[in-house]
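Using the sequences and the accompanying hints, generate a full structural model.
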Amino acid sequence: MSDQEFEYALHRMRVAGTDTQGFEVKTCGKALSRDIGRTISGFANGSGGMILCGLSESDSFKPVAGFDAAAMQDAIANFCNEKMTPPIRPIIQLRLYENAPIVAAYIPELRPKQKPCYVTACGCYGGSFIRVGDGDRRLSGYEIDRLLNEREQPRYDDEIVVEASFEDLDDQLVANLLERERAIHASHFRKLDDETALCKLHVLKQDENGALHPTKAGLVALGSYPQEFFPSLNVTFACYVGNTKGESLPDGQRFVDSFTCVGPIPTMVYDAVAAVRKNMRIGSRIEGAFRHDVPDFPLAAVREAITNALMHRDYSADACGTPVHVDLYADRLEVTNPGGLFGTVTIDTLGGRYTISSRRNQYLANILESTPYERSGFVAENRGSGYQAIVSELAKAQKPEVVPFDSISLFSLTFPLESRESLELGAAASNAPVAKTRESVEYAIVEIAAARETVSMSELLELTKRSRPTVLKRVRDLVARGVLVPTEARTSPKQRYRYVGSPQGDAGPLAQGRR
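In the working numbering, the protein residues as written are 1 to 515.
FYI, nobody ran anything at the bench for these hints, they're computed from the structure. These numbers come from a predicted model, not from an experiment. Careful, some of the hints might be misleading.
As a list, the in silico BS3-like pairs of lysine-lysine whose alpha-carbon atoms are at most 27 Å apart [what the hints assert, rightly or not]:
(1) K399 x K278
(2) K278 x K245
(3) K494 x K278
(4) K399 x K245
(5) K113 x K83
(6) K278 x K396
FRET-style restraints, in silico, Cβ to Cβ [to be verified]:
(7) D406 x E163: 28 to 36 Å
(8) T346 x G141: 20 to 28 Å
(9) G246 x G141: 27 to 35 Å
(10) Q21 x E195: 47 to 55 Å
(11) P87 x L192: 44 to 52 Å
(12) R180 x P108: 41 to 49 Å
(13) K278 x S492: 13 to 21 Å
(14) Q172 x N209: 28 to 36 Å
(15) F405 x S60: 29 to 37 Å
(16) F405 x S357: 13 to 21 Å
(17) A71 x Q21: 23 to 31 Å
(18) Q93 x K113: 27 to 35 Å
(19) G246 x G17: 22 to 30 Å
Glycine included, every Cβ here is placed at the ideal spot set by N, Cα and C.
What follows is the structure, encoded as structure tokens:
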């Protein structure tokens, strides 16, 4: 670290009055701070970081009087070597700050197969920490187990589901899988009977008594209804009214739509993509003399993200109670799965020039490569190209870049919504109003409702080309103000709305009334 970078880091901490994600100040006046092991562990299990000894956080990060830098340098090196498992090799420097000596010890991040790093005396499950903000948080048992999984290839997807039988697999999916494998790997599968072929593919496996049962991979990829055995191995879709899960409409409603996708992976992917398609906004872009429909998200990218989430998620017993989440907010779409990136794959390598692929669920990945998708093609390519496909689809559609987030316990992809100012949100018909701002959305709804006896929500969505949360919120505002009147009970699927005129004193476009 250069002197300029060092000075800047201290300046940031002084301004903030606290430590940062990558820097921790320890007084260490006469001896090492009692909690220094937590910080060493937190940095080693995270992204690395710098410990600065000989400064007082409570005294505006000023040097500690009487600090013995040489002795503290040896003490840190000995602690890292003798009190931590595995031993840590810090990079230690003596620095001058305001004419006083301090010790700067850089703790490197350990390689995945060396984690977790823990305070030896506290044991692996009691002494493992992770850096979060300006502090160190003890790792949960689940997180520690996931780190330990990095030391060898997990086989959770190859576990036998003893409660299930061959009859619990979907006949058509199995037939299509075998047809595909016998076509592309004829020398291996052409002469094998179905059961033997499925065993070689790890769709089926023998128990200790010789009886055949589906593996977890075989069941989730090809099962008629895998949720009979694993109720939470599904995809939950939710469309929220605002930018957070806590926002709600005046009547307390937080969801515009919610849906649980069940069945085998091909069906869940198809249904989840359909739910996103149903609830996302369709805008238009003017290019020359032509108007082009522009959906919020390229569906090919959405499909790839959901497929990757199901293929690479954690299928250990601890995670089988956690579904994949697909959450649509007013400003973004998030796809989240339990279990972080596996093996040599990091966020830095995801979109790199050279494809690096580490499969947590190698048997499931191989099965999905030959499992037909709901409409055409196959569920996954199994070439480590999924993320690049997402990036490519977004670039082709001129959409903002996807934002990945990785932690020990989860991985997520966030698709930001394009700035609304960059889209002309037109209507389907040439005589329908353009809806951009709040006022013009309301004006468009009133114009549409005023031109017909009644109007449904689906008709308003089609004509305004706005998202369900936006239109629903504006309709409810208009109902509350007496501009629109519902024709059915609030929860009726046959609900329609009748325009009755602007309330007295209402200003703006709504006061113009029926044309």
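Please flag the earlier hints that this structure goes against, numbers listed from lowest up. none
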